[in-house]
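Participant: Between the sequences and the hints, there should be enough to build the whole structure, so can you do that?
Heads up: the sequence shown begins at 282 in the working numbering, then just goes up one per residue.
Don't take each hint at face value.
[As the list claims (entries may be wrong)] Label-pair distances were calculated between CB atoms; the ranges are: (1) K363 - R331: 22 to 32 Å; (2) A291 - K356: 47 to 57 Å; (3) E312 - E354: 51 to 61 Å; (4) G365 - R345: 53 to 63 Å; (5) D327 - E361: 40 to 50 Å; (6) A339 - R308: 36 to 46 Å; (7) E333 - A296: 43 to 53 Å; (8) A287 - M357: 18 to 28 Å; (9) R345 - R308: 45 to 55 Å; (10) E310 - A342: 41 to 51 Å; (11) L292 - S336: 27 to 37 Å; (12) S293 - T313: 12 to 22 Å; (13) G294 - A355: 56 to 66 Å.
It is worth saying that the hints were derived from the structure and are not from the lab. Virtual Cβ for every residue (Gly too), placed ideally from N, Cα, C.
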Amino acid sequence: MIAPKAFLDALSGHASRLFNGETPVPRSEFETQFKALLQSGFSKLDLVSREEFDSQMAVLARTRTRARLEALEAKMAELEGKVGGAAGTEKAE
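Facilitator: Set out below in structure tokens:
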């Protein structure tokens with residue numbers, strides 16, 4: 282994965298070559314070259330799409346919710362055991 286600073290430095294260098302070349306680059310050609318440059322740079326980064334990110338966040342949220350539910354169920358069973366045990370000892374007396 283390319284470091285963000287190195288990516289921005291390379292991008293800056295390419296842009297300055299486009300602007301400061303011997304012959305001025307027409308706007309449409311500049312846009313085409315700049316888009317290609319950005320796509321090339323982004324492909325080197327370890328990025329995910331928004332859809333992939335949202336999907337993973339939903340999975341993690343369900344996992345956390347499930348873990349909290351299981352913890353609460355265990356705590357409830359423990360408390361019910363204590364209450365049931367206390368009620369059983371009171372009846373025995």
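Participant: For every hint, state whether the structure bears it out.
Facilitator: Results for each hint:
1. K363 - R331: 22 to 32 Å: violated, 48 Å
2. A291 - K356: 47 to 57 Å: 54 Å Cβ-Cβ, so the 47 to 57 Å window holds.
3. E312 - E354: 51 to 61 Å: holds, 58 Å
4. G365 - R345: 53 to 63 Å: Because 30 Å falls outside the window, the suggested range is violated.
5. D327 - E361: 40 to 50 Å: Since D327 and E361 have Cβ atoms about 48 Å apart, the given range 40 to 50 Å holds.
6. A339 - R308: 36 to 46 Å: With Cβ atoms ~42 Å apart, the hint holds.
7. E333 - A296: 43 to 53 Å: violated, 29 Å
8. A287 - M357: 18 to 28 Å: violated, 54 Å
9. R345 - R308: 45 to 55 Å: holds, 49 Å
10. E310 - A342: 41 to 51 Å: holds, 46 Å
11. L292 - S336: 27 to 37 Å: holds, 29 Å
12. S293 - T313: 12 to 22 Å: holds, 19 Å
13. G294 - A355: 56 to 66 Å: holds, 58 Å
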